[in-house]
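Peer 1: As given, the protein sequences belong to chains A, V, B and F, one line each in that order.
Position one of the first sequence corresponds to residue 1 (the working numbering), numbered consecutively onward.
Position one of the second sequence corresponds to residue 1 (the working numbering), numbered consecutively onward.
Position one of the third sequence corresponds to residue 1 (the working numbering), numbered consecutively onward.
Position one of the fourth sequence corresponds to residue 1 (the working numbering), numbered consecutively onward.
Calculated directly from the structure, the hints in this document are not laboratory data.
Mixed in with the good hints, there may be bad ones.
[To be verified] Here are the computed distance ranges between Cβ atoms for each label pair:
(1) B/Asp130 - V/Gly54: 42 to 50 Å
(2) V/Pro234 - A/Gly181: 39 to 47 Å
(3) F/Asp130 - V/Pro30: 25 to 33 Å
[Said to hold, decoys possible] List time: in silico BS3-like cross-link candidates among lysine-lysine, alpha-carbon distance up to 27 Å:
(4) A/Lys318 - V/Lys316
(5) A/Lys319 - V/Lys316
(6) V/Lys313 - A/Lys318
(7) V/Lys104 - F/Lys121
(8) V/Lys318 - A/Lys313
(9) V/Lys50 - B/Lys201
(10) F/Lys213 - B/Lys159
(11) F/Lys159 - V/Lys50
(12) F/Lys156 - V/Lys50
(13) A/Lys104 - B/Lys159
(14) A/Lys188 - A/Lys318
(15) V/Lys319 - A/Lys319
Even glycine gets a Cβ: it sits at the ideal position worked out from N, Cα and C.
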Amino acid sequence: MSSPALIGSSGDSLREAFGKALSALADEFPNLVVLDADIAGGTGVHHIRKSHPGRFVQFGIAEQNMMAAAGGMAAVGLLPVVTTFAVFCLRAIEQARLSLCYAKRNAKIVASHPGLDVGPDGGSAQCLEDLAAFRAIPGMTVISPADATETALATRAILEFGGPVYMRTGRSPAPHVFGEGHKFEIGKGQIIRDGSDVTLIACGAEVARALAAAQMLEADGISARVVNMATIKPIDRELVARCARETGAIVTAEDHNIHGGLGGAVAEALAATVPAPIEFVGVADSFGSSGEPEELAYAYEIAAPFIAAAARKVLKRKK
Amino acid sequence: MSSPALIGSSGDSLREAFGKALSALADEFPNLVVLDADIAGGTGVHHIRKSHPGRFVQFGIAEQNMMAAAGGMAAVGLLPVVTTFAVFCLRAIEQARLSLCYAKRNAKIVASHPGLDVGPDGGSAQCLEDLAAFRAIPGMTVISPADATETALATRAILEFGGPVYMRTGRSPAPHVFGEGHKFEIGKGQIIRDGSDVTLIACGAEVARALAAAQMLEADGISARVVNMATIKPIDRELVARCARETGAIVTAEDHNIHGGLGGAVAEALAATVPAPIEFVGVADSFGSSGEPEELAYAYEIAAPFIAAAARKVLKRKK
Amino acid sequence: MTALPHAIPKNGPANDIAEIELGVSLEAQLAEAARRARMHCLAAIFHAGSGHPGGALSCADMLACLYGAEMNVWPSGADDPLRDRFVLSKGHAAPALYAAAAQAGFCDPKEALTLRKLGSKFQGHPHVLDLPWVETSTGSLGQGFSVALGMALGLKLQKNDARVYTLLGDGELQEGEVWEAAMAAAHHRLDNLCVLIDYNKLQSDAANDSIMKLEPLAAKWSAFGWAVTEIDGHDVEAILSAFRNAAVTTGAPSVIIAHTIKGKGVPMMENVPAWHGSVKMTREQTVDALTALGASAGEIEDLLNV
Amino acid sequence: MTALPHAIPKNGPANDIAEIELGVSLEAQLAEAARRARMHCLAAIFHAGSGHPGGALSCADMLACLYGAEMNVWPSGADDPLRDRFVLSKGHAAPALYAAAAQAGFCDPKEALTLRKLGSKFQGHPHVLDLPWVETSTGSLGQGFSVALGMALGLKLQKNDARVYTLLGDGELQEGEVWEAAMAAAHHRLDNLCVLIDYNKLQSDAANDSIMKLEPLAAKWSAFGWAVTEIDGHDVEAILSAFRNAAVTTGAPSVIIAHTIKGKGVPMMENVPAWHGSVKMTREQTVDALTALGASAGEIEDLLNV
Ligand SMILES: Cc1ncc(C[n+]2csc(CCOP(=O)(O)OP(=O)(O)O)c2C)c(N)n1
Ligand SMILES: Cc1ncc(C[n+]2csc(CCOP(=O)(O)OP(=O)(O)O)c2C)c(N)n1
Ligand SMILES: [Mg+2]
Ligand SMILES: [Mg+2]
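Just need the whole structure built from these sequences, with the hints factored in.
Peer 2: Have a look at this one:
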């Protein structure tokens with residue numbers, strides 16, 4: 001009798017990194033409890049279920065109840081981490097709003113399966129709205145780390161942070177961006193490659209693609225700075241303004257609708273500080289579809305060459 | 001035996017204007033059906049329940065089911081209008097996403113009780129996130145009319161429009177902004193007062209306040225243009241760009257979180273066309289509280305004087 | 001105002017023990033507390049200029065029993081991990097909660113008359129950040145129950161014996177989240193969780209029966225794995241006895257389906273959907289209502305001229 | 001492939017009448033259609049490199065009965081207002097829907113093997129904009145039921161006699177939206193609505209019993225006002241007879257609780273939660289599975305080498 005190969009359950013996906021980090025941190029955070037809605041294998045929390053079964057609470061396929069119940073668990077002194085796919089977090093956003101944010105609970109939401117990175121499950125499962133929607137909730141912190149290393153660091157950071165957080169992980173194996181010495185701080189972006197002509201500001205899966213785009217641009221003699229903006233809210237205004245001042249042109253890149261997410265946050269920050277031309281790389285207000293994540297990145301124009309093309313375009317608009 | 005005075009159920013609130021318009025349009029749109037979640041007196045749809053009882057469908061206090069069921073009703077050829085308070089629309093946003101937008105249904109969502117305009121019910125009921133959240137859904141059109149006249153026109157427009165729409169009305173009696181000859185077109189903003197130093201772009205309850213702010217500014221010798229931006233998505237990019245070119249400084253004003261709503265849409269549009277300094281008037285990422293809407297507008301700094309102050313501030317940043 | 005029964009802390013600090021009027025039965029004291037709470041919440045809604053009187057009046061007796069006898073809570077113990085928890089899931093009945101809590105010494109009754117005013121701690125819907133003894137913020141139907149369930153589950157995980165109570169409206173039971181929470185509470189065998197249903201047969205617009213039928217209601221809860229008791233929700237003795245049943249039920253959560261009258265105690269409001277809210281009460285209506293509740297001229301003066 | 005029974009339109013245009021093999025009972029034909037559909041959907045999942053086989057196999061018999069006998073649908077009538085509607089609420093069983101529809105002539109079986117590929121109309125979850133005979137897009141559990149309810153309500157409002165069918169997973173019943181829809185369908189007396197529950201006792205991770213207990217399931221639906229039939233969901237005769245019951249039930253919606261086996265027909269998959277998905281099937285596993293389903297070497301060749 002043969003067993004099936006579970007997809008993404010091993011390898012370098014961000015969800016795996018998150019799941020392993022959570023399990024590794026459980027002893028250090030004795031009040032940590034992890035909430036699952038029958039999707040533990042998908043979100044990475046099967047690791048902590050195995051290592052710390054007493055910390056794992058099953059809610060069944062009922063995301064709204066899980067989300068609001070996290071508020072109650074936080075109220076009695078636990079540190080709840082709500083886990084499901086991004087699109088099912090959206091299903092419970094009003095619960096996150098009232099029972100977590102309005103009540104100022106120290107609870108975390110960690111969403112796997114964001115954006116086109118979801119792949120073959122198709123458009124119904126590919127959440128392109130979460131960064132915008134969760135960013136709009138007063139008091140919500142929104143994070144989207146770039147690789148497994150950063151995800152592990154961000155997992156610790158959100159557990160140490162005192163307040164509601166929404167964090168994206170990712171489904172697909174993801175290239176490594178950061179080495180051993182990488183530091184993560186909530187609210188701080190980082191220049192991970194310097195450049196002077198244009199700044200590429202990216203989060204999540206788009207960070208690796210922005211780095212690849214910068215290389216393509218270098219071949220054309222264009223010096224592109226790359227910023228890893230893992231915290232979408234609060235956005236690192238100072239850094240964004242500095243990049244606008246120093247490079248005069250910005251490209252944002254995210255595995256998300258072009259409306260309201262990282263691009264929106266950067267546009268708001270610049271309009272309030274140093275107005276500058278921006279080209280927005282993201283899914284252009286359409287739903288995704290089935291396909292492999294890399295194919296989809298091309299089909300929906302968020303792959304590296306599109307970031308490079310956006311950079312060339314924004315350079316023409318630069319004063 | 002005396003009866004209670006129902007609040008806002010008469011007078012010039014946008015919800016009343018919507019409810020009456022719907023009832024007046026019912027004969028012209030024979031497939032129109034109105035969906036309610038036990039809140040008809042609050043959303044204005046008690047009018048059509050009375051005038052056209054056969055068009056009124058009760059779903060009880062179950063917004064998720066109502067939202068997705070609208071998709072099914074549209075699928076069999078009806079023209080469903082889903083009605084509830086804005087914050088309860090948020091509760092059903094994933095249903096709006098999948099069963100209305102992804103399936104491209106010709107269904108409308110009309111939300112009363114947006115923002116601080118909700119008043120004494122307090123922060124739990126005051127939705128400051130809806131414009132941002134619904135704007136993020138691919139294919140969703142987002143509208144927030146300014147007064148009763150425009151609400152009536154917009155009601156007709158959304159019924160004629162072929163696709164999913166999210167429209168805000170309002171709870172409180174609202175000042176009249178527009179006269180008889182007013183025209184409303186989805187996707188088009190309008191200059192409702194001309195000016196050359198700065199443009200105040202507003203939607204919903206903030207339009208009247210922006211006009212008042214323009215008068216305050218005039219007293220200071222500042223010439224402020226006022227734009228009624230009733231369609232938040234798709235944003236009228238040409239008009240926004242033209243205002244930036246012609247006045248060089250922008251203030252956005254909305255009864256919504258400063259993140260991701262009208263301000264976000266304008267910031268994105270300008271960054272993509274004519275980068276310009278913007279000051280954002282809106283609730284500064286906090287929840288509201290109980291109080292009368294006018295009091296709250298002062299407490300949370302979205303009243304006319306704050307729009308005027310933002311204009312003065314942005315003028316200092318103007319090049 | 002004369003002294004009223006306060007919460008009787010079971011584990012609270014000794015100096016906190018409330019006064020109990022001698023020679024008056026606990027039941028009579030609770031009924032009196034409920035009557036006074038009804039008066040208080042109508043006065044508050046009058047002053048506020050808006051509010052939901054009907055559903056506040058229907059649950060006053062249950063709240064009086066919770067705060068006056070059943071729950072292990074006491075004013076100085078709002079942070080005590082051993083306290084029992086109460087969540088008003090039907091958050092629009094906030095004035096009833098404030099009034100019951102005021103009767104039990106948790107807040108100043110005069111201050112609670114600032115209901116719904118700018119800057120007041122007494123928000124239109126209960127808010128945990130404003131009042132320490134409010135256990136969570138509610139207002140969106142269905143959510144309070146889930147939060148209460150999270151508390152009950154969390155307490156069990158921590159081996160804390162405190163009990164969790166939550167009050168739901170009947171219309172509220174139409175929210176799917178309620179059945180998610182009901183299923184989860186039974187699955188996790190949360191016998192420290194007790195749900196009260198204010199079964200006043202009316203919701204915002206009309207009768208449950210015309211909006212969205214709930215019957216057979218007891219059968220629904222049984223099928224979801226709950227221990228069910230049905231009572232008259234205005235009978236203090238029945239309420240206390242249902243609590244005793246719930247306390248000895250093990251392995252399953254308990255639900256008390258309390259048959260009530262919306263607007264209870266005020267004839268012009270009883271069973272009239274229009275008094276659900278959000279209504280504005282005139283001074284004349286308020287005086288009539290207070291009089292119907294047995295208020296003296298002096299009490300009316302006290303409540304209305306603040 | 002040999003000819004298979006197609007949909008038998010009740011109101012469809014005359015030239016659309018499907019071939020019926022003479023001398024073979026309808027039941028036998030449907031069972032054979034289900035067997036072939038099982039083969040098809042495993043092949044599709046193999047080619048896709050991911051998918052949910054377990055829950056596709058458990059509902060194949062019901063889908064064969066719907067498309068092969070019960071529903072008044074026919075390939076050229078995807079726009080006909082009088083057609084019956086089917087909504088696959090458990091959208092992750094898309095390959096089973098595509099396979100059943102292919103058997104019934106709604107789409108090209110070869111094309112359906114492009115499942116989950118970029119540019120394919122055969123999305124990972126059914127999408128109404130890609131395939132005209134898919135009635136709505138699903139994938140988020142609970143929603144399809146609500147959409148089906150909206151259709152049934154809308155058809156009633158329009159005095160259209162078409163019927164609406166929807167298939168739900170057992171784990172899906174944990175979604176509160178399901179109980180909202182259940183309550184609403186009973187309230188509106190939607191006797192044109194028939195729910196099928198693929199009661200395979202497993203969900204994504206493990207048994208319902210360990211994730212979130214559903215029993216007593218029939219009692220839940222009865223208490224929510226539904227006419228309940230329980231059957232063996234792999235017994236074609238029982239399925240057809242349950243449909244006949246539903247058709248004559250008036251004043252209430254019908255639910256068919258179909259006891260099934262997740263992974264049915266493929267021994268290595270039967271009752272094994274790990275085969276829920278999203279899994280990658282090796283060629284060897286696929287060949288074994290097809291063989292277990294009675295595929296000949298030629299058929300395997302046909303299905304796997306496209
Ligand atoms: C999710 C949600 N939908 C709608 C409302 C608006 N609303 C407030 S009270 C109410 C009626 C509640 O009826 P019921 O639960 O029976 O309360 P009671 O009769 O006890 O006042 C409604 C629809 C709400 N608060 N929350
Ligand atoms: C709202 C929602 N939450 C979670 C999921 C992820 N998911 C897909 S299938 C599945 C398990 C479904 O179990 P069941 O309904 O029993 O289906 P079956 O056994 O028939 O495959 C889950 C949790 C989803 N699709 N939708
Ligand atoms: Mg009620
Ligand atoms: Mg199952």
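Peer 1: Could you run down the list of hints and mark each one as holding or not?
Peer 2: These are the hints, each one checked on the structure:
Restraint check, B/Asp130 to V/Gly54: a C-beta distance of roughly 45 Å satisfies the suggested window 42 to 50 Å. Hint check: V/Pro234 to A/Gly181, Cβ distance near 45 Å, so the stated range 39 to 47 Å holds. Take F/Asp130 and V/Pro30: their Cβ atoms lie about 30 Å apart, and the range 25 to 33 Å holds. With a C-alpha separation of about 23 Å, the suggested pairing of A/Lys318 with V/Lys316 holds against the 27 Å cut-off.
Our distance criterion of 27 Å between C-alpha atoms is met by A/Lys319 and V/Lys316, whose separation comes to about 21 Å. Simply put, V/Lys313 and A/Lys318 have alpha-carbon atoms about 25 Å apart, close enough for the 27 Å limit, and the pair holds. Using a Cα cut-off of 27 Å, the hinted pair V/Lys104 and F/Lys121 holds, with the two alpha carbons roughly 16 Å apart. Pair hint V/Lys318 plus A/Lys313 holds up; C-alpha atoms about 25 Å apart against a cutoff of 27 Å.
Of the pairs offered as hints, the one joining V/Lys50 and B/Lys201 holds, with about 23 Å between alpha carbons and a cut-off of 27 Å not exceeded. Taken as a hint, the F/Lys213 and B/Lys159 pair is honoured in the structure, with Cα atoms around 23 Å apart against an allowance of 27 Å. For the hint linking F/Lys159 to V/Lys50, the alpha-carbon distance of about 22 Å falls within 27 Å, and the restraint holds. Only pairs whose Cα atoms come within 27 Å are accepted, and F/Lys156 paired with V/Lys50 is accepted, the gap being roughly 21 Å.
Between A/Lys104 and B/Lys159, the direct Cα distance comes to roughly 25 Å. Compliance with the 27 Å bound is thereby established for this hinted pair. Between the alpha carbons of A/Lys188 and A/Lys318 the distance comes to roughly 26 Å, so the proposed pair stays at or under 27 Å and holds. With a C-alpha separation of about 13 Å, the suggested pairing of V/Lys319 with A/Lys319 holds against the 27 Å cut-off.
In this structure, none of the earlier numbered hints is contradicted; all agree with it.
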